[in-house]
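There are 2 protein chains.
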Amino acid sequence: MTPPGPDPGQGTEREPEPDDTTPPPTRRRPGGRTARIRTQVLDAVLAELGEHGFDGLTTDAVAARAGVHRTTVYRRWGDVGGLLADVLDAASDDDWQPPDTGSLEGDLAALNQEIQTALTAQPPIVTALIAASFRSEKAAHAQQRLWEGRYARCEIVVSRAVRRGELPPHTDARRLLIAATAPVYHHLVLLRTPPDPQLPGHAARTAALAAAAGAFAEPRSVSRS
Amino acid sequence: MTPPGPDPGQGTEREPEPDDTTPPPTRRRPGGRTARIRTQVLDAVLAELGEHGFDGLTTDAVAARAGVHRTTVYRRWGDVGGLLADVLDAASDDDWQPPDTGSLEGDLAALNQEIQTALTAQPPIVTALIAASFRSEKAAHAQQRLWEGRYARCEIVVSRAVRRGELPPHTDARRLLIAATAPVYHHLVLLRTPPDPQLPGHAARTAALAAAAGAFAEPRSVSRS
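First to last, the protein sequences are chains L and V.
According to full-length UniProt numbering, the first sequence is numbered sequentially starting from 1.
According to full-length UniProt numbering, the second sequence is numbered sequentially starting from 1.
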C-alpha cells in the first residue's frame with residue numbers, strides 16, 4: 001500500500017511464459033494474452049531496475065527476462081522511457097486508499113510512514129523510478145500523473161477531518177497534504193539523510209498543528225464566513 | 001544569493017585563456033594559475049550543463065570550452081562526476097547568508113523566494129545539478145555537503161527569532177527550516193508543478209504557524225522547563 005510514492009509491485013506477480021509464441025496456458029489472467037505480456041514485461045522492468053538501476057536497463061534485457069520477443073517490446077513500448085512510463089501508469093491502476101485512523105494527525109503519520117517505507121525499501125524500486133524521471137520525459141510525466149492521482153485520493157483524509165470538526169470547511173487539502181509529506185521526500189530523496197523513525201510522525205504533527213492554526217484556510221472561505 | 005539550493009555561478013566569472021600553455025596575463029586572480037584554471041573549467045562545466053544537460057556533458061567538451069588541455073581535466077577532476085562535485089563544492093565557498101527581514105515568517109518567505117528563483121532559473125543549472133546527483137555518487141555527496149552547509153547557515157534565522165521572543169528557546173532549527181523549505185523543493189523538483197508565486201510565502205507561513213504552536217519544540221526543552 002504505497003501512497004503518493006508509487007507501488008509498482010502490486011498486482012504484477014509473474015507468470016512463466018518462455019516466449020510469446022507459446023500458446024496461452026489454460027489458467028488465463030483477466031485480459032488475456034495482451035494483459036499477460038504486459039504483466040511479464042513490467043515485472044521484468046522492475047526486476048532489472050532493482051538489480052541494475054536505470055543505467056543497466058535496456059529493452060533487450062527486459063525482453064529476455066520477460067521471455068517475449070524484442071520486437072514485441074519495441075513495438076508496444078518503444079524504449080526504456082516508454083517502459084518506465086507504463087510501469088508508473090500501471091502502479092496507478094490499483095485500489096490503494098490512504099490510511100483511516102480516526103484523526104488527521106494519525107492519518108498523516110500513517111501516510112508518511114508508508115512513504116518512508118516505500119522510499120527506503122530494498123531493492124530501491126521507488127527511488128529508482130524517481131531517479132529515472134530525471135532521465136526520461138515520458139517517465140517524468142508518468143511519475144507526475146501517479147503523484148497527482150495519489151494526492152487526489154489522499155484528499156479524503158482532509159475531508160474526513162473537516163467532517164469530524166478537526167478542520168474548518170474551506171481548507172486547502174492539497175497544500176495541507178504537500179506540507180505533511182514534503183519533508184519525508186525532501187529528506188529521503190534529495191537530502192539523502194539516513195531514515196529517521198520519528199520523521200513521519202513529526203512531519204504529520206507539524207502539518208496538523210499548522211492546519212489547526214489556519215495555515216491552509218482558503219482565502220474564499222475567509223470572505224464567505 | 002542562493003540558499004539551500006546551490007548558486008554555482010557566483011564568483012566564477014570567466015577569464016579568457018585560450019590554452020593553459022599561455023603565459024599568465026598581467027592581472028592575475030587570487031590563487032594564481034591553478035585557481036584560474038579551476039575557475040575556467042568550472043565555468044565551462046556550468047555552461048555545458050546549461051546548454052546540453054548531464055547527458056551532453058563530457059570532460060573533453062569541458063576542456064575544449066575552458067581552453068585547457070584534456071589531460072589537465074582528467075588529472076585533476078577524473079570524470080564528469082568529479083567535475084560536478086567540484087562545481088558544487090565551489091558553490092559552498094561563498095559568503096551567502098540567509099535573508100534578515102526582522103521576522104521569522106519574513107525570513108523564511110525570502111529564503112523560499114530565493115530557492116524558487118534558483119529552481120526556476122534559465123538555463124536550469126540548479127535543477128540540472130540536482131538531476132546530476134541522481135547519476136553520480138560524487139555529485140550526490142557534494143550536493144549533500146552543499147545543502148548541509150546552507151541549512152547550517154540558515155539556523156541563524158531561527159536563533160534570531162528565539163532572541164526576538166518569537167520562538168521558545170529550545171526549538172529544533174533544522175526541522176523548522178526543512179518544514180519551511182521542503183514544499184518548494186517538492187513542488188519544483190519532484191512534482192514538477194508550474195511555479196506558484198504564492199508558494200514561497202505560503203510554505204513560510206505554514207512553518208511559522210506550526211512553530212508558534214510548538215511543532216519544533218525539542219523534547220529536552222519540555223523536560224527542562
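In short, the hints are calculated from the structure, not lab data.
A virtual CB, placed ideally from N, CA and C, is assigned to each residue, including glycine.
Honestly, I wouldn't trust all of these hints.
What the hints assert, rightly or not - Part of the chain V face toward chain L, derived, beta carbon under 7 angstroms: (1) Leu57; (2) Ala61; (3) Trp96; (4) Pro99; (5) Leu119; (6) Ala131; (7) Ala152; (8) Ile156; (9) Ser159; (10) Pro183.
Stated by the list, open to error - Chain V regions said to be covered by chain L (calculated; three or more residues, Cβ under 8 angstroms): (11) 77 to 90; (12) 170 to 179; (13) 205 to 216.
Take the shortest C-beta to C-beta distance between leucine 57 of chain V and chain L; is it under 7 angstroms?
violated (13 angstroms)
With 7 angstroms as the cut and Cβ atoms as the points, is tryptophan 96 of chain V at the interface with chain L?
This interface hint is violated because 18 angstroms lies over the 7 angstroms limit.
Under the criterion of a CB-CB separation shorter than 7 angstroms, is isoleucine 156 of chain V in contact with chain L as hinted?
Violated: closest Cβ of chain L sits about 19 angstroms from isoleucine 156 of chain V, beyond 7 angstroms.
Proposed interface contact between serine 159 of chain V and chain L, which counts if any beta carbon pair is under 7 angstroms
Interface hint status for serine 159 of chain V: violated (20 angstroms vs cutoff 7 angstroms).
For the segment 205 to 216 of chain V, count the residues whose Cβ lies under 8 angstroms from any Cβ of chain L; is that count three or more?
n = 10 at 8 angstroms, threshold three: holds.
Hint check: is the beta carbon of leucine 119 of chain V less than 7 angstroms from a beta carbon of chain L?
violated (11 angstroms)
Holds or violated: alanine 152 of chain V as interface residue toward chain L, Cβ cutoff 7 angstroms?
Check failed: Cβ of alanine 152 of chain V comes no nearer than 13 angstroms to chain L, outside 7 angstroms.
With 7 angstroms as the cut and Cβ atoms as the points, is alanine 61 of chain V at the interface with chain L?
violated (19 angstroms)
Holds or violated: is the Cβ of proline 99 of chain V closer than 7 angstroms to a Cβ in chain L?
violated (20 angstroms)
Apply the coverage criterion to the segment 170 to 179 of chain V and chain L: a residue qualifies when its Cβ sits closer than 8 angstroms to a Cβ of the chain, and three qualifying residues are needed.
Coverage by chain L holds here, the residue count being 3 at a Cβ distance below 8 angstroms.
Please verify that hint: alanine 131 of chain V, Cβ, nearest Cβ of chain L, below 7 angstroms or not.
Constraint on alanine 131 of chain V satisfied, holds at 4 angstroms.
Minimum beta-carbon distance criterion (7 angstroms), proline 183 of chain V to chain L
Nearest chain L Cβ about 5 angstroms off; hint holds.
Checked against the numbered hints above, the structure violates hints 1, 2, 3, 4, 5, 7, 8, 9, 11; every other hint is satisfied.
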